[in-house]
Each structure stands twice: as structure tokens, then as C-alpha cells.
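Residue numbers (my numbering), protein chains in the order written: chain S, 31 to 229; chain E, 7 to 111.
Simulated DEER-style distance windows between Cβ atoms: (1) Leu47/E / Thr99/S: 26 to 32 Å; (2) Val89/E / Thr196/S: 33 to 39 Å; (3) Leu124/S / Ile59/E: 30 to 36 Å; (4) Leu183/S / Leu47/E: 41 to 47 Å; (5) Lys192/S / Arg74/E: 30 to 36 Å; (6) Glu79/E / Leu183/S: 30 to 36 Å; (7) Ala43/E / Ile63/S: 33 to 39 Å; (8) Phe93/E / Arg120/S: 42 to 48 Å.
No wet-lab data here; the hints were simulated from the structure. C-beta atoms are modelled at their ideal positions from N, C-alpha and C, and glycine is treated no differently.
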Amino acid sequence: MTSATMTDAPSISSEKYEEKAFGFWIYLMSDAIIFALLFATYVVMLGNTAGGPTGKELFSLERAAGETTLLLLSSTTFGFASVALAASERSRVLLWLVVTLALGAGFLFLEYREFSGMIAQGAGPDRSGFLSSFFTLVGTHGLHVSIGTLCILVMIGQVLVKGLTTPVVSRLARLGLFWHFLDIVWVAIFSVVYLPGLL
Amino acid sequence: MDVSGLPVERNARPYLIGLGLALILTAIPFALVATHALTRLTALIIIAVAAIIQILVHLGYFLHIGFRSTPRENLVAIAFTAVLIIFMVGGTLWIMFDLYYRMMV
Chain S
31 MTSATMTDAP SISSEKYEEK AFGFWIYLMS DAIIFALLFA TYVVMLGNTA GGPTGKELFS
91 LERAAGETTL LLLSSTTFGF ASVALAASER SRVLLWLVVT LALGAGFLFL EYREFSGMIA
151 QGAGPDRSGF LSSFFTLVGT HGLHVSIGTL CILVMIGQVL VKGLTTPVVS RLARLGLFWH
211 FLDIVWVAIF SVVYLPGLL
Chain E
7 MDVSGLPVER NARPYLIGLG LALILTAIPF ALVATHALTR LTALIIIAVA AIIQILVHLG
67 YFLHIGFRST PRENLVAIAF TAVLIIFMVG GTLWIMFDLY YRMMV
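Please construct the entire structure, taking both the sequences and the accompanying hints into account.
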């Protein structure tokens, strides 16, 4: 999650990593505000379907449940990777990161099918204000998950090549925060977008 | 605490408890929508309550936020964010729906 130029020199004090963790925390909080305002925009635009399809016609409860399950399980498996990290068990860290990567990719696949299916039936973001705000909100979350998945892939590479050095451990800790945070945003998405839309 | 300055969990138990609670708190609202068992308003209230409890479960069991274990400045950042979100989201919805009722109805 940080610049690749950082060296593995042991002279870097742990204070530096604490500062990085706090900075990342501030980033997550600002990201939470971005999502909160996208939610507010979505709720304001909810009725503006411009004669187009509503959520009830477009959303699928089964698919939303599948996406929720994949993301929740991936958050748990990242937790297992963090536990293995605390015990410095490299192969277990790798195993759980690969499982998390697979679950994240599964979520992205379901979301890709959902979005492409909606666009194919003429319910893309250009159809109505409601759909613009839907794609902005859920798409921003999907973009975050894509970046998170990419970062997990990069970190698998770093654990393989560099091992569990201090910079790698601190990067994995921040990536874990990011990943759990995305699951929290998803809880809000299925509770604000999918479930009320299908009710 | 280690390099990150944040609490580190050395045991898989909190993640399993969090997973179990999150599954229950997800299953309840999804079942409500699947069966249409309750009236719309009651169902919406239960969905909202389940979501808020589930977010607290995630914060506690996955992000390990605790009043003692988490550094004070991180807690202050969370509290400030929560205040900002309440003002900005609440204010937006208040203004926009007030405008809607004054102009459209």
C-alpha cells in the first residue's frame, strides 16, 4: 500500500510505521466521508427514474446475497492471514492471502456480470438520475475492491520475494484495515441499496 | 501493538465470532426481504437496526477497535468522522427532501 522505494533497512524506527498507520487511518476516515456523501446522493436520487427501470426490476436478491457472502468470507480470511502474520507463519499468511484474493475476485466477477447485464438491457448509468447515482456508489466501492485485490496480489509477491520483513508486515496491516473497511461499506450498500430496493 | 501502532490480534477467535454474528445479522434482513413477512416500514427499521449492529460488530471484531486498545488519536478521528457524516448526510437529506416537498407537492 505504500511506495515501493522504501528500503528494508532496520534503521527505520517503528515510530515511522506508526505514523504511516495513522496516516492511513486518516485516509480511511476521509474515504468513509466520500462514501457517506455518495449514499446521501443515492437516497436523494432514488425517485428520479425518469420513466426507466427501478431497483425492484433490476436488483437480484440472490446475487446480492452471493456478493455479500463472498465479501464477508474474504474479510474473515484476511483476518486469518493477520493472525498468521502475528505468529510469523509465512506459508499460512500466503495461503490465507490467496484464499482472500480468490474470494475478492469472485465478488468482482459477480459485480461485473451484474453491471454488464444492466447496461445490456439499457439500464446503464446514462438512463436516469437514479441509475447514475447507483453506478457511482456501487461502482466506487467496486473500484476500491479492485484496487484492494490488486494490492493483495502485490503483497503475495512481496511475501514470496522479500519474506515477512518489517515494511512488508506493516503494509499488510494497512491493507487489512482497508479490506475490512470495504466490507463495512458493503454492509451499508446492501442495507441502503439492494434490500430497500427489493422490498 | 507492533509496527502498525494498532492492536494486533493473535487469535482467530474474534474473527470467527465476528463472522458468526455478521452472518446472523445479514440473514435476518435478507430473509425479511425474501419472504415479505412484515410491513414495509417495520422491515426498513429492522434492516437499519441490523446494519448498524453489524457495522459495530465489524468495527469491534474485524478492525479490533476498543476504547482501551485503540490509540486515542484514532478514536478521535473516528468520532470526528462520525460527526461530519451525521452533519453532511443528515443535512443533505433534510435540505433536499424539504426542497422536494416545497416545490413538487
